[in-house]
Structures are given as C-alpha cells and as structure tokens.
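Given next are the chains, with one letter for each unit.
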Amino acid sequence: MILFDRVSFSYGLCPILDGLSFSIGAQERVAVLGGSGEGKTTILKLIMGLIKPDSGAILVDGEDITIKCEAHLREVRMKFSLVFQEGALFDSLSVKENVAFCLREYTKMSEEEIDGRVRELLRVVGMEHALERMPDELSGGMHRRVAIARSLAAYDPLMFLYDEPTSGLDPISADMICRLILELAGGRRGLIMVTHKVSDALKVADRFMFLKAGRVLFDGDRERLVRSTLPEIRMFMRELECLSPAE
Amino acid sequence: MKSKELVAMLQDFYLLSFRGLTGIFRRPFYLKDTIEQMDYAGAGSFLIILLVSLFIGMALSLQLSAELSRLGLKMYTGKVVGISIIREIGPVTAALVFAGRVGAGMASELGSMVLGHQVDSLRVFGVDPVKKLVTPRLLSSLLMLPALTIIGDAVSLLGAYYIAVYVSHQSGSVYWTSIRDVLIYENVVAGSVKPFIFGYLIASVSCFMGLTTRGGSVGLRQTTTRAVVFSIISIIISDFVLTRILLYLLGFSV
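Protein chains in written order, with the numbering used here: chain A, 1 to 247; chain B, 1001 to 1254.
Just so you know, these hints were derived from the structure itself, not from any lab.
All values reported here derive from a predicted model rather than from experimental measurement.
All residues carry an ideal CB built from backbone N, CA and C; glycine is no exception.
Keep in mind that a hint or two might mislead.
Stated by the list, open to error - Below, a list of computed lysine-lysine pairs in the DSS-like style, where the Cα atoms sit at most 25 Å apart:
id: 1; chain 1: A; residue 1: Lys-79; chain 2: A; residue 2: Lys-68
id: 2; chain 1: A; residue 1: Lys-79; chain 2: B; residue 2: Lys-1002
id: 3; chain 1: A; residue 1: Lys-108; chain 2: A; residue 2: Lys-68
id: 4; chain 1: A; residue 1: Lys-212; chain 2: A; residue 2: Lys-52
id: 5; chain 1: B; residue 1: Lys-1032; chain 2: A; residue 2: Lys-108
id: 6; chain 1: B; residue 1: Lys-1079; chain 2: A; residue 2: Lys-52
id: 7; chain 1: B; residue 1: Lys-1002; chain 2: B; residue 2: Lys-1132
id: 8; chain 1: A; residue 1: Lys-52; chain 2: B; residue 2: Lys-1032
id: 9; chain 1: A; residue 1: Lys-52; chain 2: A; residue 2: Lys-96
id: 10; chain 1: A; residue 1: Lys-108; chain 2: B; residue 2: Lys-1132
id: 11; chain 1: B; residue 1: Lys-1032; chain 2: A; residue 2: Lys-96
id: 12; chain 1: B; residue 1: Lys-1004; chain 2: A; residue 2: Lys-96
id: 13; chain 1: A; residue 1: Lys-79; chain 2: A; residue 2: Lys-203
id: 14; chain 1: B; residue 1: Lys-1002; chain 2: A; residue 2: Lys-68
id: 15; chain 1: A; residue 1: Lys-79; chain 2: B; residue 2: Lys-1032
id: 16; chain 1: A; residue 1: Lys-212; chain 2: A; residue 2: Lys-197
Stated by the list, open to error - Distance ranges between label pairs, derived from CB positions:
id: 17; chain 1: B; residue 1: Val-1229; chain 2: A; residue 2: Lys-212; range: 40 to 46 Å
id: 18; chain 1: B; residue 1: Leu-1158; chain 2: A; residue 2: Ser-167; range: 57 to 63 Å
id: 19; chain 1: B; residue 1: Asp-1012; chain 2: A; residue 2: Arg-123; range: 19 to 25 Å
What the hints assert, rightly or not - Sample of chain B residues facing chain A (criterion: CB under 10 Å; computed from the structure):
id: 20; residue: Gln-1011
id: 21; residue: Asp-1012
id: 22; residue: Val-1165
id: 23; residue: Ser-1168
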C-alpha cells in the first residue's frame, strides 16, 4: 500500500531522511522506532502529503503522491486516519464538536443523527461522559482517545497512523490506548505507530522498523527485534529489561 | 534572510492574501466562524477604539485651539479638526489599535494552532485552512474596521467638541457648522476607503505570520511581534500611498 523510494527530506539545512526506502502492506501492523529527531513523525506527514520530500517518490496504492496538488491529496488522505501526538484537538471546540467536526463538514446528517454518531464513537473510546468538556479539561490519555474517535467520524480508513500515541501517559492510560489501537485495527486494517516506547510497540505491532540517521537501521519481526545485537536497539530494549521482574 | 527566501515569502504572502480574499466568494461559506471573528474583532475592539478616539480628538482639539487662538483663527478649530480626523487621524488610529489588538490575536491564535498540529488536522480532514481560517478573519476585518473607524471618528469629533466649547470657549454651533461643511463627498470617501484597505492588510499580514509560525513558544512570540510590526508598517506606508492616490482622484490640488 505504501512505498517509500529513496526519499530524502530536510528541515532547512538539517537533513532528516536520507534516501529512505521501505514498503508497508495494507494490513500490516508496523511500529516505527527511533530516537527523537530521527524523522519518525516526518514519515507520517510524508505519507499524508502534509509535507513534500526533497527527492524520491512516495507511492500510495501505486500513485505517486509527491506530485499531487492539495486538492487531489484529499482522496489519498481519506485512506488513512492520522492521530497526532497529543491529539491536536481543536481547542475552541468541545469534545462533542471536535468529533462532530468532519460530520458537519462532509455529511448532510441532521443534528440528531450527528449527536447519535458522536455518542457512539465516544462510547467506542470510552469517553461518552466527556461530551461537553473542552479539550483543556481533558487529561493526556483522554485527549488521545477523543482524537481517535474524531479520526473515525467521517470515513472508514484503510489504515491507522499514530504519532507517539502513548508518550507522556501513565502505564494504565498507555495500556488502554494500546488496546484501543488493536481493537480498532482488528484483523482487517493496518496501522503504523510511531513511538520510542518499545514496550508499547510490542503490544500492537508485528513488524518493527528502527530509524537511525535518516535510514532504516533495522526492519524485522518481534523475534528478530528482541534478539538484535545492534547497540542502538539494545539501548531501546533496556526499557523492557527494566520492566521485567525476573531481571 | 536570503533574497531567495524573501521572494518566496512574498510570493506565499500574496498567494495567501489572494486566496483568502477570493474565498469570500467560494463555497463552503463558514458563516459561524465569520460571525465569531466579527464579534471578536468588532465588538471586542469597541471600547478601546472609543477610549483612544475620544482622547485623540480631545488632544487634537486642545493643540489646534492653542495654536489657532494665537493667530486669531480659533473659529477654524472645528474645520481643521474635522478634516484631520475624518481624512487621516481617524482611519489610521483605528487601524493601529486594530492591528495591536486583533492582528496580534489572529497571529497568536493561528500560530498556536500550527504548533498544536490543529492546522495539519484540518488538512488531514480535507479542509482548506485558508478557507476555514483566513477568509473569515479577512472578511471580519474588512467589515469591522470601517465600522469601528466611523464610530471612532464620531467619538473623536465629540471629544474635540468638548474641548473646543468647554475649555477653549468657542461656539458650539460654529463648531458643528464647520464639521458639517467638512462632511463633503470627497472627504468622506477619502476617509472611508482607507479602513477597507487597512483591514485587508492587517488580516492578511497577521494570518500569514500566524500560519508560518515555527519553533515553539519563542517562535510564537516572534510571530505575534512580527504581525504587529509589519501591520503597522504596512498601514503607515499604504496610508501615504492611498492619500496621494485619493487626493489625485478626488481632484484636490497639493
């Protein structure tokens, strides 16, 4: 579904991705790991066409999205559901209005229908009690859950993209978000989760990519990740060793 | 800043301000957002415009009365105050206050939305951020600044009247007759065209600065400062250019 072909990207003079190439199938569950500033979030933005690469091609279902204009990118974006780090809820709108945003924008549903759909989506993410709350009254985990509900409102995505969905959350909230991510993906939809928390990545993904210096340093399954001897990956795996009671 | 970056920035600015303006005539129409912005820009700026205009009118009347009375021309206070306020000081004062309050607010709000990925969220949902965010702000500025200018002019003239009559001991009827003489077509047009241009410039500059915010809270501070500074500079320069053009078009000899 997604193919990166020698993609390079830089912010000003600072190179982020350096000839990055990989492909991801529609039903794969992929975790993109790496340190801060390694270009994990940049990959998600490139997939959505929010930024253009300096060079290389990005193919979504065979179509090169780097040459598409903003108006034509909408079709591509509707294939995905992107949940930004910390949710990116519209802070001037209540939880209900945030989730109803796309419904009002793209459907001709009546107020009763919108209200019913919003309640249904919020029930899925366990947030129906916060209908009238404003985003600044929500905790980090609640933010993420409402953002997930909002991303599901208007259309049925083929693949979910999550940018650090569990960063800054307590273990219980992080676990709840991971379970929700898995539930929503089910067996039929793929996901890409960008994170630097290996423990959360292991809960949701079955393929792991590790970015270093703008390139893929490691790409493999759970077993290969756990057994990897690469020092950068070992450093990340220490998080698991700390969590393990046997260690 | 390199010349290439400057040219690219100017190009982006012109494109944004043009697309923001043409968005007024294209669907979808974000009526609720426009009304919210009109409330923020118009009703929210009402009191500060009243206060500033009142004291500017009073100060101007005080200065002119003192100077004209030395020349024995005190009866011309109303005429000079009227022309100054209606043609020049009223529109420029309202625009500067508007830039400081509304322009800064627009830039910081949009900047904060950019940094919080809310603008990216709009794009992800297929919503044009220019249409959704810029056009309502542009339209509200185009409508509210002229209205505030007219109100500000009236309050300035009242403040000037108070000083002329109760401090400078001039005749109230002479003052209002002078003002009525000043309210001719040419002066009213010269004074009412400017706020539309100023409103457009303030909203365009502020929205552009807001949407190009980078770099966290420091970037947001720079954005807000730049929005106000560039708005003020564009108001002052365009005021001179407009005055020159309007004087020529309306047949005034210099």
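Now for the hints, and whether the structure bears them out:
| no. | hint | in the structure |
| --- | --- | --- |
| 1 | A:Lys-79 <-> A:Lys-68 | holds, 15 Å |
| 2 | A:Lys-79 <-> B:Lys-1002 | violated, 39 Å |
| 3 | A:Lys-108 <-> A:Lys-68 | violated, 28 Å |
| 4 | A:Lys-212 <-> A:Lys-52 | holds, 20 Å |
| 5 | B:Lys-1032 <-> A:Lys-108 | holds, 17 Å |
| 6 | B:Lys-1079 <-> A:Lys-52 | violated, 60 Å |
| 7 | B:Lys-1002 <-> B:Lys-1132 | violated, 31 Å |
| 8 | A:Lys-52 <-> B:Lys-1032 | violated, 33 Å |
| 9 | A:Lys-52 <-> A:Lys-96 | violated, 33 Å |
| 10 | A:Lys-108 <-> B:Lys-1132 | holds, 18 Å |
| 11 | B:Lys-1032 <-> A:Lys-96 | holds, 17 Å |
| 12 | B:Lys-1004 <-> A:Lys-96 | violated, 45 Å |
| 13 | A:Lys-79 <-> A:Lys-203 | holds, 24 Å |
| 14 | B:Lys-1002 <-> A:Lys-68 | violated, 29 Å |
| 15 | A:Lys-79 <-> B:Lys-1032 | violated, 29 Å |
| 16 | A:Lys-212 <-> A:Lys-197 | holds, 16 Å |
| 17 | B:Val-1229 <-> A:Lys-212: 40 to 46 Å | holds, 42 Å |
| 18 | B:Leu-1158 <-> A:Ser-167: 57 to 63 Å | holds, 58 Å |
| 19 | B:Asp-1012 <-> A:Arg-123: 19 to 25 Å | violated, 43 Å |
| 20 | Gln-1011 | violated, 16 Å |
| 21 | Asp-1012 | violated, 14 Å |
| 22 | Val-1165 | violated, 47 Å |
| 23 | Ser-1168 | violated, 49 Å |
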